[in-house]
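J.: This is what each chain is made of:
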Amino acid sequence: MPPAAELAISAGRAVLVWGLQLSMIPLMIWFERKVSAYIADRTGPNRANVLGIRMAGFIHNIADVLKLLMKEDITPAGVHRFYFLIAPFIAMMISLMTFAVVPFADTLQIGDHAIRMQALNLNVGILWVFAIASFGVFGIIFAGYGANNKYSILGGLRASAQMISYELSLSLSIIGLIMMFGTLDLNAIAQQQGEFWGPTLQLGFLTLGLPKWGFIIQPVGAILFMTAVIAETNRNPFDLPEAESEIVGYHVEYSSVKFALFFMAEYVNILVASAVTVTLFFGGWQVPFVPTESLITHANTVVLVLLAKIAILSILLILPARKWHRTLQRLYTDKRKHEANFWTAVLGLQALACLGGLAFFAASPLDGTGSSVAAAVIQFLTFCGKLTFFGFAFVWVRWTLPRFRYDQLMGLGWKGMLPLAIANLFITAILVLLFDL
Amino acid sequence: MALKVQSPKLSFWERIYVAEVFRGLGVTLKHLAKNTVQQDAMPTYQYPEEKKPLAVRHRSRHRLTVRENGAPKCVACMCCETACPAHCIHIVAEESDEVWIEKRAKIFEIDLLRCVFCGYCVEACPEDAIRMDTDEVVLVGERREDFIVDREFLMRGQGEEWKQGRPAEGPSPRQGEIEAPPATPSDDEGWEAGAPRTPIKIPAGWRTPSKEV
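Taken in sequence, the protein lines are chains R and X.
For the first sequence, position 193 (counting from the first letter as 1) is numbered 193 according to the numbering used here, and the numbering increases by one without interruption.
For any residue, its number in the numbering used here is found by taking its place in the second sequence, counting from 1, and adding 437.
Quick caveat, the hints were computed from the structure, so don't treat them as lab data.
Quantities reported herein were computed from a predicted structural model and do not represent experimental measurements.
Be a bit skeptical, because a hint or two may be false.
[Unchecked claim] Listed next, the in silico EDC-like pairs over lysine to aspartate or glutamate satisfying Cα-Cα at most 20 angstroms (straight line):
#1 X/Lys488 - R/Asp41
#2 R/Lys337 - X/Glu487
#3 R/Lys323 - X/Glu451
#4 X/Lys488 - R/Glu167
#5 X/Lys489 - R/Asp41
#6 R/Lys415 - X/Glu505
#7 R/Lys150 - X/Glu486
#8 R/Lys335 - X/Glu487
#9 R/Lys337 - X/Glu451
#10 X/Lys467 - R/Glu32
#11 R/Lys415 - X/Asp583
#12 R/Lys335 - X/Glu451
#13 X/Lys471 - R/Glu32
#14 R/Lys415 - R/Glu167
#15 X/Lys471 - R/Asp41
#16 R/Lys323 - X/Asp477
#17 X/Lys467 - R/Asp41
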């Protein structure tokens, strides 16, 4: 492959990963608003609209961005300027960097070129995640210290203590998994999760069986990891660094875009945590029950099935969409009245487009390179879907569990999770030795 | 002596959190699903479009009730101004044209920003001339002067007009609708046209006690 093409591919992967992260942020914020609202029996945002289109509150993100950009960017007197200014950038940059090693599709074979679907191809990927993620605490400490405000520094100190404590359990909880997979390479880990335990049943392109997903072979490790990762991202029930009802956290002195950077960094952190959880414990880019080889072989069938599914779903969704928008329509006198029609049109067009695609792929089936690319795209979409689900799960957990007290937090970390992680590690090691898993 | 709070005894499954955490997630997911599917059932009022019914005894912005001929019932007795704890009512009296009414308000101003909506003025009024039942609880103005409202403002939109801001649907917030204004004597009563001027005969029961309204 010529160097220019290599460069283009690398740049393309990097842009894809960054684009994925940045475009997921609005979705996360929307989850945070709408899901939390529905969990708490509220309606959530339903006002901001563009030409009457509200997208169930999604448009509020635009209003948010405008607000944050137009606000005055205040640097209070008495701050340590250097730390104060650099902290949000560290937080954001670190969050964006961590994602780089996460594979979002299987290695793509085009001719005799293998393109790895990772922005950064490292054979010690998981170490990179931990190494970079632990830098994230610098952003918080700098913010807390630099703001020269006792609430900020309290938040920063709590954050650093918490992140350091939980990093231990976090790392120990996955060592068992790494022993079983025998590799630190995230793509190899994801590939191995396509294998099955015990007998399998071949059914068209489906392979039914017990997949070797991380949470099946390491259930304790999975629960410990997911708990510790919530503490690492400073989310409820471990959101003591922020604790908005008590101390308002390390970013209390920040405004405008600098605050927005912290805000975005929090959501990117959640995405990174979700991505690592997905890759380690939930099969990464693996389509459930469809290994890569059979995905490539049956690419055309899978695409046809998917397109048909989407078309049917779109049509089925029209009625609920109309019903939801009818709920308050009678009260509106402005353009919002017509939103139901807009969604009907969008879903109808989507169904039509899917049917068009269906006809196209039925007439000219995918072959060779085409099926490899189609398989990669399907795997990428699967990965995005899993990512979205775990992003949702973070919000879900936040609005379910109450916050821990600080001593409870430390007690859980040091006296509960750390011994459990070590025990899990030992038992896994013994089992791996005995049964050569 | 310190109070000893008995913590509930937790079972083994409750103590290891995990099962209870998933139970809690189930509870919240149920709410999420229910509210997604049945949006109508949500208790939220969509405020500017859909207003919450006010309590039966609520006190909203004042209005001055009027006689059949459109003149205010107010006789400028100053009872409300005296009763007002916030000193927000300002009345200047003048002589009335009508034969059986001694005084009327030349200026009747209420400073709505000062008003504490206690309703003492309504209680103090012997003529049922002031009421606080316009259902207007959101008062908007651009300057402070906008909130000093005069007699014409307080009389405006009598009849049914002042009710138009209310949502058309839903049960009325009031238990009994206000009936038509109580019969007040017209100018002609006890006053034959063309007849020589006789001493004014005050018709019996022309003053309707406010509790009967």
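J.: State the violated hints by number, sorted upward, taking the hints as numbered earlier in the document.
T.: Structure breaks hints 3, 4, 6, 7, 9, 11 and 12.
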